[in-house]
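Peer 1: Below are the chains, spelled out letter by letter.
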Amino acid sequence: MPPLSRRQHMGSMSARYVRCIQLRAAFGLTATPSRAAHTPIRWYATTGGYTDRQDNNEISNIRLAVKDNIAAKGFQTTCASNILAGTEIPFAATIVTQLRNHGMEVVGKAGMDEFGMGTHSTTSAFESVHNAHPLEKYSAGGSSGGSAVAVKEGRADIALGTDTGGSVRMPAAYTGTVGFKPSYGMLSRWGVVPYANSLDTVGFLARTVQPIREVIIGSNLYKEHDSRDPTSLPDTVRSRCTIEREGYTSSGQRLETLEGLTFGLPLEYNIEELDSRIRQGWLQALNAIQTLGGRVVPVSLPSTRNALSAYYVIAPAEAASNLAKYDGIRYGKRDTNGTSDAQDGVLYARTRGSGFGNEVKRRILLGSYTLSSEAIDNYFIQAQKVRQLVRRDFDRIFKLDNPLLDEQHFDLSEMEESIGIETKLGPAQVDFLVCPTAPTTPPLLEHVRNQTPLDLYMNDVFTVPASLAGLPAISIPMDLSIDPASEEQKLLHFGGLQLIGQYWDDARILSVAERLSGHVAKASAGKL
Amino acid sequence: MPHVRPATLSRYLLQGQLISRGCLQTRPRVQASSITTPHVQLAQYLHTETSESPSNGRASVGVPFRKQLKDEAKKQKALGKKKKKKNVNNQVVDGWELTVGIEIHAQLNTAKKLFSGATTSFNDSPNTHVAYFDLATPGSQPLFQKETLLPALRAALALNCEVQPISRFDRKHYFHWDQPSGYQITQYYEPFARDGRIQLQSRDGIAAEDGESVSIGIKQIQMEQDTAKTLAQPGDVHWIDFNRVGMPLIEIITHPEIHYPATAAAFVRKVQNLLNAVDACVSGMEAGGLRADVNVSVRRTDDPSNPLGQRTEIKNLSSFKAVEDAIIAERDRQIAVLEAGGVIAGETRGWSIGSTETRHLRGKEGEVDYRYMPDPDIAPLLIAPDLVTHLRDTMGELPDDVVDALIRDFGLSSKDAMSLVSLDGGMRVEYFWNVVARLQSQLGANAPQEHKPCFQLAANWILHEFGRLTAERSDESALDLGFSQEGECIRVPAQHLADLIHHLYNRRITAKVAKELLWAIFRGRVPGEYHTVLDAIEKEGLWFEELSSDEYAALADDAVRGQEDILRQFLDAKVFPQGKLMFLVGRMVRLGQEERIDPKNAEAVMRDRIQSVYVPALKD
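Taken in order, these protein sequences are the chains called V and H. Sequence positions in the first sequence follow the UniProt record's numbering and run 1 to 528. Sequence positions in the second sequence follow the UniProt record's numbering and run 1 to 620.
None of these hints come from the bench; they were simulated from the model. It cannot be assumed that every hint is accurate.
[Unchecked claim] Here are the computed lysine-lysine pairs in the DSSO-like style, where the Cα-Cα straight-line distance is at most 27 angstroms:
1. K333(V) <-> K229(H)
2. K385(V) <-> K399(V)
3. K223(V) <-> K146(H)
4. K172(H) <-> K385(V)
[What the hints assert, rightly or not] Not the full set, but computed from the structure, chain V residues with beta-carbon under 8 angstroms of chain H:
5. A71
6. I89
7. A93
8. R189
9. V192
10. A324
11. R330
12. S373
13. L445
14. R449
From the three backbone atoms N, C-alpha and C, an ideal C-beta is built for every residue, glycine too.
Please take these sequences and the hints and turn them into a complete structure.
Peer 2: See below:
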């Protein structure tokens, strides 16, 4: 692939933003999500029983689906890639061990995009995942699509996914489930095959918020440091962060009101490509927040427009590096066709050539280019700077300080003019940001196949900023308006609503999301 | 580069004297013979192209090397090559200036690997010390082992570097089977130490052209991972031993400030000695624990404003001599190319032991773009100043200070002082201090001032007589002397040597008896059969009871009887016939009781008797 020119690459990926928001009356519609018997998760024969399972815990008999890039003893871990076909990682991921200790039972590995690279779970080397009945023709989102469909179809009570740029939240939005990406460093990544280490987080999918909040906050998973993961927050930092936050101690209680909470409506997220029904659903959700006593203010995150470009420089760069280890020598599949190419070449060019799929190769090439000595300054280094700006935007918007940084000062004169000033102290500060998870309802798989990679990358525009900043974010289902004349709209009656919070504000995000769920999606309300 | 056996390397070394302490436990004992094998012969052999192998080459260990030398000699003969110019006379080419920068990779002396809890090892069974991360198992992560920082910091301090409060780890990408993750973790953008400097003196073996001393700047030191070891098998088969992968290395990078080949070799040797002295490294070049890459360029000296010439890099030099030889060869090649009107290409070249030319490995077009990227899993390394201060305060004396002290306090020659300090990784000089302390307790507090020759005698014996124990007439298998870190010697305990030296110094025993006693100690007869040295002397009646003047005179009379022809030569000689005198002294020793004769006194008596008695008698 010839390297993209800077204009091509950076330019065409920023969305066209629409400035004005028209508040329109929201109108809701509900439909009962169906539970079809179709099975998109892949089941592997287990090689051993779960003798180490502890059933004496308060949570028990909970069925857990595990994304296929997370190691679980007794299961293969292929990352949906040919190059790891048949591979069993000889140790269990910390998160899987932790959940088993909490009484969960691994019932299967869930399909995904190859190495987590994709938005629709269609890049798997083995089979592509599709949405749950009656949406079989539609995308389940990616890359944790298999995990989302597993919980949607009732095959699992809770599912593990990984979220690098939205890989848990996108499938949640497309399947009408809940997807939570915790703060970076909260859950251990030991045993999770990395895509882009600085962005990767383990995430959860479930039909409602409650089981996710129960496992992370209720069973104190957030407290558990893992000494094998160098990016797992140390105990001292965990307790310091926790002391500065609310919601961790009163974990058993549900939030009854949103009074006193401010929700930010990020103006930059109102892009031209935003589906009008999604926009309506978003406004409807904001109305619901106000009804529950919450305050809604428009806010500005100027760096958002560059976030997607930065993400698609950083993630492929780290991916190109991480995937250099797959050579078919120590594990995985080796292509032994023809003679050895060691002479005057690379021993495993053939293995890598046939072992990786097209999207993976595309990102390896992209990453190799942006790290090359001629391009690193213009791409990788710039992208890292953008990443800091994105984080700074968030830190400025949130009422809470970022506990990982020293106190920051934001000079008004340094702020972009677009940022509205609320008081003489500056712009409004908020507890959470509220925005759509995906710009559209799930697309037809048929359309997905015809899309260019750039079109596909565009889908991540709302999920990538929180990943770049390492912030907790959740996607919950929200009802969309339906034109009774449209059969498709009757099928696609939901979208994903995303809440983003300050670092380590996971406990509050989960309780607010739980409180809000029944009010933005009537279907969910019925089940609670 | 193929792995060269440590034994081969150590024999090839310039003097072959530097032995690391780490080898004591791990090397097969028989290799110790190379410590004292007379390398002069080997060196001569290298230059004179005789086809006979050196007679002292010992069984099995010696064979590959002999074979190598033979092959080399054959090759050179076939080429009709002229006699090679000696390096010492080949430091400068008129009209040209040489510039050299050096990168040294040294294995740190640590118990664990750099980013995993696997233990470090040297000759253990292959693939027995490997953690998941070492194999780049998917889902495994690096865990920086803090302890590895300590030897790295000691090295940085010994090389006078500034330790950086913040440094970071980066990934250097390239594909090779010895690098399982597809990248090496190193410190490219922000190394942990910068701006060092070491002073080389003439006694360190720098080129004469550098004068008394020269200072070499060190740009930076970085920590990084070692690669796996490749074990080549017959055919196109390679076995990989992952024990070595991920072991911690430091890379020391100099500024291009070296202008003579001998100085470059002296620099590498000095760095090895310093690293050894501060216990930063496990083993030296001879054991493969230290490797050097050199960057070489030349420029004409006619215009000082000329920029540095295009440089080439010679990779993986594994001995001090190879450093010097390769630089000379590469310098000469570059000059020849330029003088023929050619252009030097920026390239990487290789060097094999014993060759005369560097060889092309890869050119610019074959260069790898390493795509350096900060490792996203590894936190920045924060080094607190109090740790650096503590290490600096507890580092102990550096070899240069010890050498200075030996020269100043005991009047040792700088060569002897250097040898004492560098032998056995510093353990031999510790032994010397031990012997000194025991002598001092026998001679009194003022001994260093009043009895300087006694300590010189001790140094002389520890260096030279000890050498004979393991080399000369070793009827039993030559064994290690068994020096320990504490300055003790298993085969010759310090107390026994001190007793022996004390008696010798006081002329209570002769040198000949002392040597016999040393062998007795070495073979364990002291304390096996005799409790102490004193015990052995008394039981065997070895005290030196010198002849009286009368007895000497009588013995001289006996010796000249019938030697009138010889005596006559003293009568006519224009130059005093010293040889004849010694012949007569020899007769005295043979005729008399040898153990009661001091040859010097015998000579004095004979000289006196010739002049005052025998010659006047002939005149009559």
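Peer 1: Okay, which hints does this one fail, numbers in order?
Peer 2: 13, 14
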